[in-house]
Amino acid sequence: MLTIDALTHSYPGGHTAVDDLSLAVEAGELVTVVGPSGCGKSTLLRCIAGLQRPTGGRVLLNGDEIRDVPDSLAMVFQSYGRSLLPWLSVRDNVALVLRHRYGSRRERRAAALEALAEVGLADAAAKHPGQLSGGMQQRVAIARALAYGPKLLLMDEPFGSVDAQTREDLEDLLLALRARTPVTVVLVTHDIDESVYLGDRVVVLTGAPGRVLAELPVGLPADRDQIKTRQDPEFVRLRAEVGRLVREK
Amino acid sequence: MTGRAALRGLFGTLAAVAAAEVTVRAAGGFSGDLPAPTQVLAAAGEQLADGEFTDAVGATLRVWAYGMLIAVGVAVPAGFLLSSIRALGTACQAIVEFLRPIPSVALIPLALLVFPAPDRMKTSLVVYASVWPILLNTLYALRQVDRVQLDTLKVFGFGAAARAWFVSLPSSVPFILTGVRVSASVALIVAISTELLAVGDTGIGTYLAQTQSAGGQTDQMLAGALWAGVIGLLINGALTTAERRAARWWPVSGKEGVA
Amino acid sequence: MKALHPNALRLPLHLAARLWLALLLIGLWELTADAGPGSYFPPPSVIVRALHRVWFSGPASDFFLTEQARSDFPVSFGHLLSGWVLAAAAGIALGLLLGRSERAHDYLQPLLQLCRSVPPPALIPFFVVVFQLDTSMYVVTIAFGAVWPVLLNTLAGVRAVDPVKLDTARVYGMGRTAQLLRIVLPGAAPQIAAGLRIALGFGLILMVLSELVGTTSGIGARLVNAQRTFDIPSMWAGIALLGLTGWLLNAAFLLVENRLLRWHREN
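Protein chains in written order, with this note's numbering: chain G, 1 to 249; chain S, 250 to 508; chain R, 509 to 775.
Wrong hints could be hidden among the right ones.
As the list claims (entries may be wrong) - Calculated lysine to aspartate or glutamate pairs in the EDC-like style (CA-CA distance at most 16 Å, straight line):
id, chain 1, residue 1, chain 2, residue 2
1, G, 228, G, 163
2, G, 151, G, 29
3, G, 151, G, 123
4, S, 403, G, 71
5, S, 403, G, 171
6, G, 151, G, 71
No lab work stands behind these hints: they were computed from the structure.
None of these values were measured; they are calculated from a predicted model.
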């Protein structure tokens, strides 16, 4: 579904963030991308999203080269506080992005409420983002992305700015939502445990400039559990393997 | 404001007024140039019933309101235009830096010549003076717009115009309001300044200038200035409240604005 | 021929990007303006010539200032400087008092808010009656308008001084005066400086306005006299001179401010 072919991106001033990176993602897969900080993970996502034109190589979505933001794509940013609009209610934040999906405001609002209910925030619809905790704000961002009905969902360190407990809840929320909707996910993280826990496949990048160091299929059952899965020998093995790769220079 | 602070404020004000009253009466009696506060307050009361004065206040406020409205209508779109076309913005920055130091009142003699109709002359100067704070705050605001918010809408398929409408404009509102508040007092100052010099017009400034040239009843002049102060206070209070309201829903980072 | 270093082109390109529109507009004005004696918008060249003739065509021994400049500049700038210094002294003193004493702040706040809201031009007719067209009228007008930015900025600056620093000073037995001079004033200095710079701009506006009303002496009086005698180029020269003055005052102040407050920016 998504093919990244020899992607290279250098910023003006000479810093090369991503260098000759190739990767293929199948439809319905959840691929986690892990690597040391500053390895170009965000740049990779911005190039896939069409927010940035790569300086070399190509990104293909269903065989078409991405030149602008594709219609069937949504993204969840790390800084939830900055990606939600603080002057709109939670419901309207979700409804706003559905402008191209539904004709009437009534339909948009109904769809927004439905999406908020999916992430357990039906009661908070009338509140403004500033009144919610960080974890709840990120739930809103996820609801917004899913309501948009994307084929491809990009997540840039989505759970990087919340506390550990909230993080686990959000991870399970993502897995549950994904089991219900046929969406392809590329999730970038610097947390090794998270990359193994969430992924069908873990892609490990090298330090800057980012390149694919290894691709590890995750042989864990689809139904995962914060405590049991983390005790599974396969999880322990993969975590050690990914950890070794990430630290390798 | 707490109850105690309000009580202290009331007491402080009364004490200052009483002290002024005693000093003026002891020094010059009733006939001197300096009127006692009670005389000023009495004159201020009489002015409320004086059609000539209330008409003058109405005329000044009309010019002020038109001027502000036009200034907002010019400055906000201009700010958007200048920050979306970078080459134009850079080139206009030099022009702004060149024009802004000119004290707006220095243009009064020119405006007196160019516009024979006093209302149009006053309004033009008010617009000229109040455009700058709004324009500068709009430009500042647009530099502060959050990239993540813009990127988010881009990902969800919003074009440049839609992003400006749904992100840039709302996130600029607190800054634009700061500009409007600064402009509002500048506009009042310029309107009254112009009226002081425009002969054969109506307005607070004209009323004060005429009172002065007609022999100078200082109690009436201070009363007029007092009303101007009250108007200024009300306008500023209303705009400060609007700004606070906006700030509650717009927790924009580093919101300071340009004074 | 040696190749140009890429940076050698940067400054001229930068200047060109900033100035092309201004130069284009000035050029258009020059070409399309009516140079006749009655024109309200004479071309820039006529204005520059008038600026030179009226103010700057004097003998070299007088720094090229004309007789008019030598009589008007000291009057105008004397008023401005006196009014500004007065406003600075009163504003800083009152700001320190209100910033350090919650009680004084409570007592005086409503009265000061009202006084601050009075548009300074509304008091000019009153000042004219009380002070006649004496120097004090100009100075008081300027000081009344310029005091508010100094006062408000000092107040805000003093209130923002780090309480930990004050506690530290008290622990080490520093007296109240020493605290004020060594901790509060330096801490509030950047804000006070900003207030003083805004006050200078306000002062210039009120200097011009009071001279336009007074019509006896100073640059503003020349401006209004030129308008009444339809000497349009001289009127424009006056406007240009005041614009130049505003720009120079601001630039000079920023220069001094950056020098004196360098420690603050380095922190």
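Cross-check of the supplied hints:
As the CA atoms of residue 228/G and residue 163/G are separated by approximately 21 Å, the hinted pair breaks the 16 Å bound. Taking the CA atoms of residue 151/G and residue 29/G, the gap is about 11 Å. The hint holds against a cut of 16 Å. Among the hinted pairs, residue 151/G with residue 123/G is inconsistent with the structure: their alpha-carbon atoms are about 28 Å apart, more than 16 Å. With a C-alpha separation of about 10 Å, the suggested pair residue 403/S and residue 71/G falls inside the 16 Å cut-off, and the hint holds.
For the given pair, residue 403/S sits about 26 Å from residue 171/G by alpha-carbon distance, which is inconsistent with the 16 Å threshold. At roughly 9 Å between alpha-carbon atoms, residue 151/G and residue 71/G fall within 16 Å of each other, so this suggested pair holds.
Figure legend: structure checked against the earlier numbered hints; hints not met, in rising order: 1, 3, 5.
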